[in-house]
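Protein chains in written order, with the numbering used here: chain R, 1 to 151; chain D, 152 to 302; chain Y, 303 to 453; chain G, 454 to 604; chain Z, 605 to 755; chain A, 756 to 906.
It is possible that some hints are incorrect.
[What the hints assert, rightly or not] Under the rule of at most 27 Å between Cα atoms (straight-line distance), these lysine-lysine pairs were calculated in the DSS-like manner:
| id | chain 1 | residue 1 | chain 2 | residue 2 |
| --- | --- | --- | --- | --- |
| 1 | D | 296 | D | 172 |
| 2 | R | 21 | G | 465 |
| 3 | Y | 314 | D | 234 |
| 4 | G | 465 | A | 838 |
| 5 | Y | 385 | Y | 314 |
These aren't lab readings, by the way, just hints derived from the structure by calculation. As the structure is a prediction and not an experimental result, all values here were calculated from the model.
There are 6 protein chains.
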Amino acid sequence: MPSLTHLDDAGKASMVDISDKTPCLREAVATGRILLLPETLRLIQENGLKKGDVLAVARIAAIQAAKQTQHLIPLCHQIPLSKVAVDFDLQAQAVHITATVKTTAATGVEMEALTAVSIAALTIYDMCKAVDKTMQITDIGLLSKTKTPLP
Amino acid sequence: MPSLTHLDDAGKASMVDISDKTPCLREAVATGRILLLPETLRLIQENGLKKGDVLAVARIAAIQAAKQTQHLIPLCHQIPLSKVAVDFDLQAQAVHITATVKTTAATGVEMEALTAVSIAALTIYDMCKAVDKTMQITDIGLLSKTKTPLP
Amino acid sequence: MPSLTHLDDAGKASMVDISDKTPCLREAVATGRILLLPETLRLIQENGLKKGDVLAVARIAAIQAAKQTQHLIPLCHQIPLSKVAVDFDLQAQAVHITATVKTTAATGVEMEALTAVSIAALTIYDMCKAVDKTMQITDIGLLSKTKTPLP
Amino acid sequence: MPSLTHLDDAGKASMVDISDKTPCLREAVATGRILLLPETLRLIQENGLKKGDVLAVARIAAIQAAKQTQHLIPLCHQIPLSKVAVDFDLQAQAVHITATVKTTAATGVEMEALTAVSIAALTIYDMCKAVDKTMQITDIGLLSKTKTPLP
Amino acid sequence: MPSLTHLDDAGKASMVDISDKTPCLREAVATGRILLLPETLRLIQENGLKKGDVLAVARIAAIQAAKQTQHLIPLCHQIPLSKVAVDFDLQAQAVHITATVKTTAATGVEMEALTAVSIAALTIYDMCKAVDKTMQITDIGLLSKTKTPLP
Amino acid sequence: MPSLTHLDDAGKASMVDISDKTPCLREAVATGRILLLPETLRLIQENGLKKGDVLAVARIAAIQAAKQTQHLIPLCHQIPLSKVAVDFDLQAQAVHITATVKTTAATGVEMEALTAVSIAALTIYDMCKAVDKTMQITDIGLLSKTKTPLP
């Protein structure tokens, strides 16, 4: 029967022991969307054509948050990330966000990728909240997760 | 014509000047949901009947993240929060999350409430990811925002 | 009947609402001790006569930790400290630590003073652990706490 | 003659060089106590029978602090922790705290275990300080420390 | 005779008491330069014409660092910043950096402005270090500092 | 033709992938200077003969900042430092600062050494700013950088 791995037999939280796990190359890709008014998207895009600051700020916030995951999500391990990349796709009524994170470690990086997507969305929300009262952050989930033995 | 407040005329990001704004009592309430399998909800609930740790961990992570908002969202101001409360409602296929944040300050706290909801959802995701590969974080938005002059 | 203030009626943790409390001048003094071998005390003292680094490092660590209290103790409020001072008294078999913290705020600073004492003790422990396997940190408590209305 | 390892020949502090040390499996166990009134213990316990929040909050704070040790204790190295567990034992007039920390690294984790115990005690103090003015944190020390060569 | 304000009569460091000081509107402007090869400047500029990321990243890093000053400079107070703006001027062989910081507080913000300039310069260094081995950060100082009584 | 490594083909920032790089022993040495009035130097030196706090505080701030580099410089990787040492040389009109940082990692530590020098200089500035309005931080650069294959 499945049980929650971060809780011991008495139901108490702990950072689970990974000292027996073998380090491998690991990659996780997470995605999410922030729904916006077309007018807001137009403002982001025009700014993008000039200086790109809205999405550039969101990208940097996301990369920095990925490196802070172990302090934000209490039971996450400290994992040295070997790559973090964040991409934005401007759709009809949304910015679609994709975060790709890599590591060589004994445990995976899906929480780092999901945290990057969440903070990117919140940063876009912050920068657009004066002009758009309808925004919603939605569909945050894991797209893929891979594990490759070290050569 | 509306424009993005965090960008100056040249399109460059800055932390906007709030030195002329008057401090008031401010409250923001944000909500969001994490979709889970019924079996996962049952595990959270049983744990809740015993020790409550899954939701207790998520609640603490959310409260701490609210206090870190200014370091996570690059252009947010440092705001001293006078209250943070996080509630969970277990629904048929989701945990519904509500965060209420109060301050006495010159600018609002919706980003703090939204950050609390996001980190609560990510923490639940982290603790359940070994037993549920279908989770999604969704419908994160602002429920209300009020401003009351100081007495 | 007394109850725990950080828990609501359902027993759930929250950062308690201080928005109705009036800011005053507040001071808290906390103390504690780290028990050491006389030989270890001699090494600290000799170093102190030269460069003072062991106690200087512990003092700085304590001051910085006081400013981090809201991120270390989950339900503490963010309080701007107007003064932090840390003193050491070398006794026969212990270093006695005193931390004094002041603020103008709506809630007190005893946790900030107690955190400063604890981190000072841990820093001394860290710097002496190679030469002393007997150390113990003890008697950490609040010496005084005062509150003065603003003029 | 013994000397303080974190000070060079001129008495100046530095983060000591561990680049020649071989990584091993390392574990440290630290303990401590917070002395409380029987009435306070009863409140913690009743809450524990309901929702467990006082000790759950203290446990999460301790786990997060263990991962922050390198930023709290100035000369500590950054060590990736493979496990952190925190246990509480309710005694007649005290909560007894035990923290167990594991790593695979070139230096030990006793400071991480001691920091976890200290922050757990401070968090209990914070949540009970409105109902108990007699609390004291005491007897914080190292219980054991082991080192196993990597297989 | 002048003396160092952060040291008490015994020469010990402390966070100086500002509880008697009156809050005013305060502004500080700091500047600095990073010397670069003309070829490196050309790369920054071309990127700037496209997406602006090098300077956008440096600007965000500087704004975030300003808000972290109290944790980076041990004896600085925690000051809520009401504005942070960072400007870059591309000169013949240097990027000239200007940071403007405002607050309503009992003590000034020159350290916040100087920290913003320093971290902006370090971030440019980081992003250009693969193509330019000659960079130097120089002439970091305070341009102006003003204080206006509250209305 | 050289290009900026932290930007992809579309000019967007990312944390560059280092998962194919082989860990080696790496060392970086950075230097810088803070220009001061002779009178200020005399005050630092006298304090140094007594308790050494100005330079001791700056040294600790620099060591702690080196360990925070990945959170200050957005695109830096998280690197476990095996040694950090900071030295000061009091010259006629300046304090000369040298920081030496070592690691065993897949990427270098020059940013950590440069960050340590910068924060040391800013900390000296902070502690002397009440007595010296002429200070300037200057000539921050890399002195050497070496890489040795692991045995």
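Structure-based check of each hint:
For a cut-off of 27 Å, the pair hint linking residue 296 (chain D) to residue 172 (chain D) stands: about 17 Å separates their Cα positions. Taking the CA atoms of residue 21 (chain R) and residue 465 (chain G), the gap is about 39 Å. The hint is violated against a cut of 27 Å. Distance restraint check for residue 314 (chain Y) and residue 234 (chain D): the Cα-Cα separation of roughly 14 Å lies within the 27 Å cut-off, and the hinted pair is therefore satisfied. For the proposed pair residue 465 (chain G) and residue 838 (chain A), the alpha carbon gap of about 14 Å is at most 27 Å, so the pair holds.
Between residue 385 (chain Y) and residue 314 (chain Y), the direct Cα distance comes to roughly 33 Å. Violation of the 27 Å bound is thereby established for this hinted pair.
Hints 2 and 5, counting from the list given before, are not met by this structure.
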